[in-house]
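Q: Read top to bottom, the protein sequences are chains D and W.
This note's numbering applies: residue 1 is where the first sequence begins, and numbers increase by one.
This note's numbering applies: residue 1 is where the second sequence begins, and numbers increase by one.
Fair warning: there could be bad hints in the mix.
The list treats identical chains as one, so a pair stands whether inside a single copy or across any two.
[Stated by the list, open to error] Below, simulated DSS-like cross-link-like pairs (lysine-lysine); rule was C-alpha separation at most 30 Å, straight line: (1) Lys381 to Lys111; (2) Lys320 to Lys233; (3) Lys62 to Lys145; (4) Lys145 to Lys212; (5) Lys62 to Lys342; (6) Lys369 to Lys111; (7) Lys212 to Lys135; (8) Lys148 to Lys62; (9) Lys61 to Lys148; (10) Lys369 to Lys135; (11) Lys166 to Lys369; (12) Lys320 to Lys212; (13) Lys62 to Lys248; (14) Lys145 to Lys61; (15) Lys369 to Lys165; (16) Lys177 to Lys320; (17) Lys320 to Lys381; (18) Lys120 to Lys387; (19) Lys248 to Lys369.
What the hints contain is simulated information worked out from the structure, not anything from laboratory work.
Remember, predicted model here, so these are calculated numbers, not experimental data.
Residues per chain are reported as follows:
2 protein chains.
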Amino acid sequence: MEKLFASIITIGDELLIGQVIDTNSTWMAQQLNLIGVQVIRRVAVGDQWDEIWQAIDEESKKASIILITGGLGPTADDITKPLLCEYFGGTMQMHQPTLDHVTNIFENILKRPMIDRNRKQAEVPDNCIVLRNEKGTAPGMLFKKDGKIFVSLPGVPHEMKGIMKKEVLPLIPTLFKTSFIEHRTLLTYGIGESFLAERIAETEQALPPHIKLAYLPNYGLVRLRLTASGIDKETLQKEIDHQFEALKLAVGEYLIADKDIPMEQVVGNLLMERNASISTAESCTGGYIAHLLTSRPGSSAYYKGSIVSYANEIKQQLLKVSDETILNEGAVSEQAVIQMAKECLQLMNTDYSIAVSGIMGPDGGTEAKPVGTVWIAVADKNEVATKQFHFRYDRERNITLTATNALNFLRMLIVDNH
Amino acid sequence: MEKLFASIITIGDELLIGQVIDTNSTWMAQQLNLIGVQVIRRVAVGDQWDEIWQAIDEESKKASIILITGGLGPTADDITKPLLCEYFGGTMQMHQPTLDHVTNIFENILKRPMIDRNRKQAEVPDNCIVLRNEKGTAPGMLFKKDGKIFVSLPGVPHEMKGIMKKEVLPLIPTLFKTSFIEHRTLLTYGIGESFLAERIAETEQALPPHIKLAYLPNYGLVRLRLTASGIDKETLQKEIDHQFEALKLAVGEYLIADKDIPMEQVVGNLLMERNASISTAESCTGGYIAHLLTSRPGSSAYYKGSIVSYANEIKQQLLKVSDETILNEGAVSEQAVIQMAKECLQLMNTDYSIAVSGIMGPDGGTEAKPVGTVWIAVADKNEVATKQFHFRYDRERNITLTATNALNFLRMLIVDNH
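With the rest of the complex left out, here is chain D (with noise of 0.2 Å):
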């Protein structure tokens, strides 16, 4: 079967000056490629008439599908939908059923008395097909030209997304014979993405030409991420399947996780599957453990608590961190986390604990304890494991570092437990 491709232009000033991060892009093509479209390439261009006109023309050489997002709002710099109107050929009329919306929305929600500006948002090229906006007032507006579509959506997230899923989505396998396309991601960790290439050699050299295999390195994890395309879907995932366990076996004990998941996932996944909790003690990572851990809905089920203990008068006051350990080993050592982690789990009373001590840059290095010198000290009831990094990168990724570090340190804690 021949492969259906889409494009996907994004239009605004705003993403070429670097003002916002494109995530429509991002989440568009996770739903078209669940429906077994690809996106061949994704275009951002400015609001100007002719870069866009230009965009639309050279990607529609590309593609079947073309997405268009951004470019709708009220406000007067937005060109996009006399552009299409022109583009398409057609003339610009309004459209009853969208007045009506926008009305109701400004009088019963807004509560505010509709302006011109507003009035004209329901103004559409009488060629296109209306996407109603449930969530907002400019309209999608659906083309059809030379056996392609062309889909124009309001830029706003969550309008782009209720008209994506409402309207588009289920509209293109009626419009359009799809392949099933199929992926399966795991993740590695501790080993570099040339060793692991080494070591896969051979399964990555036995896949079948409709699978591919990707390597997605990380902050030291690599994932690996499969694809598969074809158009019988139960053969499809019978086979990514078959090659995904092989891939899994040939990667052995650096495999962390058959999904792509992050760290703190792993771990908050092997912690309620043990209906076990934990608790943090954190030095230079300053509570971004415990924001990653927190940063996953649920996860109060096995997170109780952190001490971010910055000054070392926290760590001898709250973590009984001895005066003798500050003075003969210093903060940054293996006996203070080991202190931590121990006054941690007591404290907080919980099954694990993560201790982290360090010092992040860029400044506050020394010869024997150089910037980027960790110590790490996990514990459960029965033992306190410990262990010392060095990275050499600057402050926000040593802190990444430390804290995706600590978090693989307990999973190992955990998992030899089992």
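With chain D held as given, fit chain W onto it using these hints.
A: Relative to chain D, chain W alone:
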């Protein structure tokens, strides 16, 4: 002076299936903007020879600077380097300084043996200028053709940023005539974008045509940025400084900083000036306020620590929230945050404290306390001030808004005390 245009090409299937959010382009666009280069397009393509080739072809018709990120890792799915070699008609050869650098990383930092794949990273086309990658093994490459430059950078954000800062951004003004661009940014808080626009309307209208004003709203803050461009640096700076003073006057009491710094730095600066210390007692933000405050180098001068009291028992035991409060008013209540802030101030022996408790969602809301309900208290030795908020976003954004508002609320307490 003619405008200098750049186009950014990002390579990687992960961008087209929505597996990662493209933050590289955003950062690059910001940086280019600061040196007077206008990004005209951003394009994302997959790891496909033809797609990459075509994208380079097309973008070079539209811009003088073509920045390419991604596709340079050591694994097999990377095709960018051989493609660039062929595109610009070179041959691959070993680059000794890069080989020395890669060898050094393996021998002294990673302490792992190098394999062929790693050595290959030091091979580059013989017709490019090699850009040293201090933070990784894949070098950047710069090609020149028809008066345009083509820069290929690794996709790992900190490696890309390192090469951009050290090599690419300083080089551009030496290769092209760029006009001087000066920016001045101020931060406002507590006034909406449209009201702010009314307030500063006269100042805005009085701006000369070569000085532009932009509104950058984010999480309750509105940044105002003046951008001036011209050929005489000294005149330009005088003019923009003059307009910036007028703008500050017009903004009046809503001004919180005359630099583009985050709220945690505004607060950090105020504390440093006063030689004052702070501690935090966090429930719903789960350590995020501590993380923000400690993300800044030198924060140990004012930040002492935090009790992250996610579980109620931690609030009761460590922060002395009374059983009556928990029973009668709940953990998300004015009384709870008052007790948390007071005990935190005492326990950590700081000049100021912040306490927050709320429901971040998606679950845990009730009719009386829906998701987004937050109580914030800030304290010094004389008083405790409280404030209730109702946010209506997703968990991530609710956490960010709670943290930013808590920091701003403390800022108000500090400034009034002064």
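Q: Confirm or reject each hint.
A: Hint-by-hint comparison with the structure:
For the homomeric pair Lys381 and Lys111, neither the shortest alpha-carbon distance inside one copy (52 Å) nor that between copies (34 Å) is at most 30 Å. Proximity of Lys320 to Lys233 under the C-alpha cut-off of 30 Å is found in neither arrangement, the shortest distances being 59 Å within a copy and 58 Å between copies. Taking the shortest alpha-carbon separations for Lys62 and Lys145, both the intra-copy value of 14 Å and the inter-copy value of 26 Å come in at or below 30 Å. Proximity of Lys145 and Lys212 under a CA criterion of 30 Å is satisfied in neither setting, with 33 Å inside one chain copy and 34 Å between copies.
Neither within a single protomer nor between protomers do Lys62 and Lys342 lie at most 30 Å apart by alpha-carbon distance, with minima of 60 Å and 61 Å respectively. Taking CA atoms no more than 30 Å apart as the test, Lys369 paired with Lys111 passes between copies only; the shortest distance there is 19 Å, against 54 Å inside one copy. With identical chains, the CA atoms of Lys212 and Lys135 are at most 30 Å apart between copies only, with a shortest distance of 29 Å across copies and 37 Å within one. In this assembly of identical chains, Lys148 and Lys62 lie within 30 Å of each other by CA distance both inside one copy and across copies; the values are 10 Å within and 26 Å between.
When the C-alpha separation of Lys61 and Lys148 is checked against a cutoff of 30 Å, the pair qualifies both within a copy, at 10 Å, and between copies, at 26 Å. In this assembly of identical chains, the alpha carbons of Lys369 and Lys135 lie at most 30 Å apart only when taken from different copies (21 Å versus 48 Å within one copy). In this assembly of identical chains, the alpha carbons of Lys166 and Lys369 lie at most 30 Å apart only when taken from different copies (27 Å versus 51 Å within one copy). For the identical chains of this complex, Lys320 and Lys212 are neighbours neither inside a copy (53 Å) nor across copies (56 Å), given an alpha-carbon limit of 30 Å.
Proximity of Lys62 and Lys248 under a CA criterion of 30 Å is satisfied in neither setting, with 36 Å inside one chain copy and 45 Å between copies. In this assembly of identical chains, the alpha carbons of Lys145 and Lys61 lie at most 30 Å apart whether taken from the same copy (12 Å) or from different copies (27 Å). For the identical chains of this complex, Lys369 and Lys165 are inter-copy neighbours only, at 28 Å across copies versus 48 Å inside a copy, given an alpha-carbon limit of 30 Å. In this assembly of identical chains, Lys177 and Lys320 lie within 30 Å of each other by CA distance neither inside one copy nor across copies; the values are 64 Å within and 62 Å between.
Within a single copy, Lys320 and Lys381 get their C-alpha atoms as close as 17 Å, and across copies as close as 26 Å, so both meet the 30 Å cut-off. Within a single copy, Lys120 and Lys387 get their C-alpha atoms no closer than 59 Å, and across copies no closer than 33 Å, so neither meets the 30 Å cut-off. When the C-alpha separation of Lys248 and Lys369 is checked against a cutoff of 30 Å, the pair qualifies neither within a copy, at 38 Å, nor between copies, at 45 Å.
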